[in-house]
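Engineer: Construct all of the structure, not just a fragment, from the sequences and the given hints.
Line by line, the protein sequences are chains A and B.
Residue numbers for the first sequence, in the numbering used here: 19 to 372.
Residue numbers for the second sequence, in the numbering used here: 11 to 280.
Keep in mind that the hints were calculated from the coordinates and are not lab data.
The reader is advised that the hints may include incorrect statements.
[What the hints assert, rightly or not] Just so you have them, the derived chain A footprint on chain B, three or more residues with Cβ under 8 Å:
1. 58-66
2. 81-95
3. 155-164
Where a beta carbon is used, it is the ideal one built from N, C-alpha and C, also for glycine.
For reference, the chains in residue letters:
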Amino acid sequence: MTRRDFVKGNEALALGALKSGLNAYFAYPITPSSEIPETLAQQFKSPEYPDFKVFLQSSSELEAINMVMGAAATGAKAMTATSGPGFSLKQEGLSYAASMEIPFLVADINRGGPGLGNLGPEQSDYFQATKGGGHGGYRNIVLAPNSVQEMATFPGLGFSLAFKYRNPAIILADAFLGQLKEDTAFPAITKEKFDTPWATTGARGETRHVLVSLHLDFDDQSRHVEHLLKKYEEMAREEQRAELYLTDDADVVMVAFGIVSRLCKQAVNTLRAKGVRAGMLRPITLSPFPSRFVSELASKGVKRFVVVELNTGQMVTDVRLALEDGGRTESLNRWGGILPSSGEIVAQVEMASA
Amino acid sequence: MMPGQEESANEYEVRLGKLSALTSKPTHYCSGCEHGILTKLIANAIDELEIREKSVVIDSVGCSVFAHEYINVDAIQAPHGRAPAVMAGIKRVRPDLVVFAVQGDGDAVAIGLQELIYAASRNEPITIFLVNNAIYGMTGGQMAPTTPEGMVTTTTPEGRDTAYTGTVIDASKMLAGMDGPSYVKRVFLPVAPLRTRDLYSAAGPLEGARSVVNAFKVQLAGGFSFVEFVSTCSINWKMSVLDSKKYAAEVLSKIYPPGLYKDKLGIERK
Numbered sequence: 019m020t021r022r023d024f025v026k027g028n029e030a031l032a033l034g035a036l037k038s039g040l041n042a043y044f045a046y047p048i049t050p051s052s053e054i055p056e057t058l059a060q061q062f063k064s065p066e067y068p069d070f071k072v073f074l075q076s077s078s079e080l081e082a083i084n085m086v087m088g089a090a091a092t093g094a095k096a097m098t099a100t101s102g103p104g105f106s107l108k109q110e111g112l113s114y115a116a117s118m119e120i121p122f123l124v125a126d127i128n129r130g131g132p133g134l135g136n137l138g139p140e141q142s143d144y145f146q147a148t149k150g151g152g153h154g155g156y157r158n159i160v161l162a163p164n165s166v167q168e169m170a171t172f173p174g175l176g177f178s179l180a181f182k183y184r185n186p187a188i189i190l191a192d193a194f195l196g197q198l199k200e201d202t203a204f205p206a207i208t209k210e211k212f213d214t215p216w217a218t219t220g221a222r223g224e225t226r227h228v229l230v231s232l233h234l235d236f237d238d239q240s241r242h243v244e245h246l247l248k249k250y251e252e253m254a255r256e257e258q259r260a261e262l263y264l265t266d267d268a269d270v271v272m273v274a275f276g277i278v279s280r281l282c283k284q285a286v287n288t289l290r291a292k293g294v295r296a297g298m299l300r301p302i303t304l305s306p307f308p309s310r311f312v313s314e315l316a317s318k319g320v321k322r323f324v325v326v327e328l329n330t331g332q333m334v335t336d337v338r339l340a341l342e343d344g345g346r347t348e349s350l351n352r353w354g355g356i357l358p359s360s361g362e363i364v365a366q367v368e369m370a371s372a
Numbered sequence: 011m012m013p014g015q016e017e018s019a020n021e022y023e024v025r026l027g028k029l030s031a032l033t034s035k036p037t038h039y040c041s042g043c044e045h046g047i048l049t050k051l052i053a054n055a056i057d058e059l060e061i062r063e064k065s066v067v068i069d070s071v072g073c074s075v076f077a078h079e080y081i082n083v084d085a086i087q088a089p090h091g092r093a094p095a096v097m098a099g100i101k102r103v104r105p106d107l108v109v110f111a112v113q114g115d116g117d118a119v120a121i122g123l124q125e126l127i128y129a130a131s132r133n134e135p136i137t138i139f140l141v142n143n144a145i146y147g148m149t150g151g152q153m154a155p156t157t158p159e160g161m162v163t164t165t166t167p168e169g170r171d172t173a174y175t176g177t178v179i180d181a182s183k184m185l186a187g188m189d190g191p192s193y194v195k196r197v198f199l200p201v202a203p204l205r206t207r208d209l210y211s212a213a214g215p216l217e218g219a220r221s222v223v224n225a226f227k228v229q230l231a232g233g234f235s236f237v238e239f240v241s242t243c244s245i246n247w248k249m250s251v252l253d254s255k256k257y258a259a260e261v262l263s264k265i266y267p268p269g270l271y272k273d274k275l276g277i278e279r280k
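Structural biologist: Quick look at the structure:
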């Protein structure tokens, strides 16, 4: 049963999380995301959401993310939300959760930065969210809604992807989307339950569930990183999502995510009216980045890409990688404490230059 | 063995022989370290209370980071100092589970003090075993918030000057001063050298064994339990094992006096 409502993006995100079966929310207030915990506090113990068992305000962003990690380790659908300065403090928890493969959801309602910045909309947490903002090499799943409607539906998508890949998922929105009010359709509460045989809910006989991120042996650590890498590669193969607007015959394509994509859509229409064959590519998954969409457009004859972002140029690096790599760049990588030999480096360069 | 303790010591010896909550893996702890003793006491209590299949241990960062290798229950590793928050998360969604962590003084009293205080203030039904050996053990002997005045560490080579680096933080006293927590206790854990040569008192480990059981009972009754174990670190104190036991008995136990600091549920009387 679908219900419509005229709500703020932050309220839609909170209600959308409840519709996707949220079990536990751990809160720390920060503008411009605070309507998310406030909305959930109002719905806590509502008979409409019997699975919403825990709403707890923590003493810090660190405490909140670690509470999320503990709750999620038992297989619960757990989340928190924050904005830039708080998102920085989440990075420690995200790194550990990525390594231990504990799935949960974090929303970052991006404000101006760096430092305290201001309360206006920016997309300057793009690098932090998509490149794995904590220590060690890992990737988050990052989703970018561009409407209040998607603020309502992306928590469900986020939980599905997080549990499918046993990986933290981020919803990266901005202050504009958080505060914007739009007519929104809410889905019925999902009955979807995820299989969590790894959850730490007590040993069964000698079968234990052990979630650790420490692998002191170099070979063990190396195998663990390789396992994570294979997962990220699978995510990149299977989960790239993007919206294409009038790109079939386009000479020039704007690339924009979030609120900016709606301005770009208008710009496409204006340009088309002027006879310019313009189009738009909107990444929906920022991580994995929809590189395939970019390179396909390039091979279809798009001459120029214009990347529009609310930052000093972050996503543009991913667009350039997708476009200009063209086999000119190769990489040689080792991990887990192991170094390549100089012979391996020489062989790689010889192969590349042959 | 002190007079009058032989009987109870034997009783525990029997149980230690067949602990389902203990793996067969030899521990990595240094000789003379109390972590090994505490590991056995925890396994002993889990078996005694028959809670193995609903227990989750949180590996904290420090010498206790391999707790799951020895304690045969479900496990999660927490970031440095965050074990109380991870435990709160588990316990809030699964109140039927028993969750506990072994934390060092660096983990719980320095980088994780906020998580500790707030878990205590909410009286989260979780159990924390604090091994206070007055130094950072795993990282090689740096000053901890618990390091006493004058102790030489790798970051206080001239001895700790508390006027410059701050005075020691007494976690048990601090938590006992709060309204929240149900159970706060400090135990002197080392086997203590007696005046008679070559004889040692096992009073500490025995008191420890009872305290661990009581701490779990408090959690099962819905309260926050915290037991601090005054311990040694002979390697990083750069002392012989025997000298470290003497130092703990003569110096540390005066700064950190053992005792029952808080027992709101009256568990010790039951």
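Engineer: Evaluate each hint against the coordinates.
Structural biologist: So, going through the hints one by one against the coordinates:
1. 58-66: Since three or more residues must qualify, the claim that chain A covers the region 58-66 of chain B holds, with 5 doing so at under 8 Å.
2. 81-95: holds (count 10)
3. 155-164: This one is violated; 0 residues, fewer than the three required, reach chain A with a Cβ under 8 Å.
In this structure, only the earlier hint numbered 3 is contradicted, and the remaining ones agree with it.
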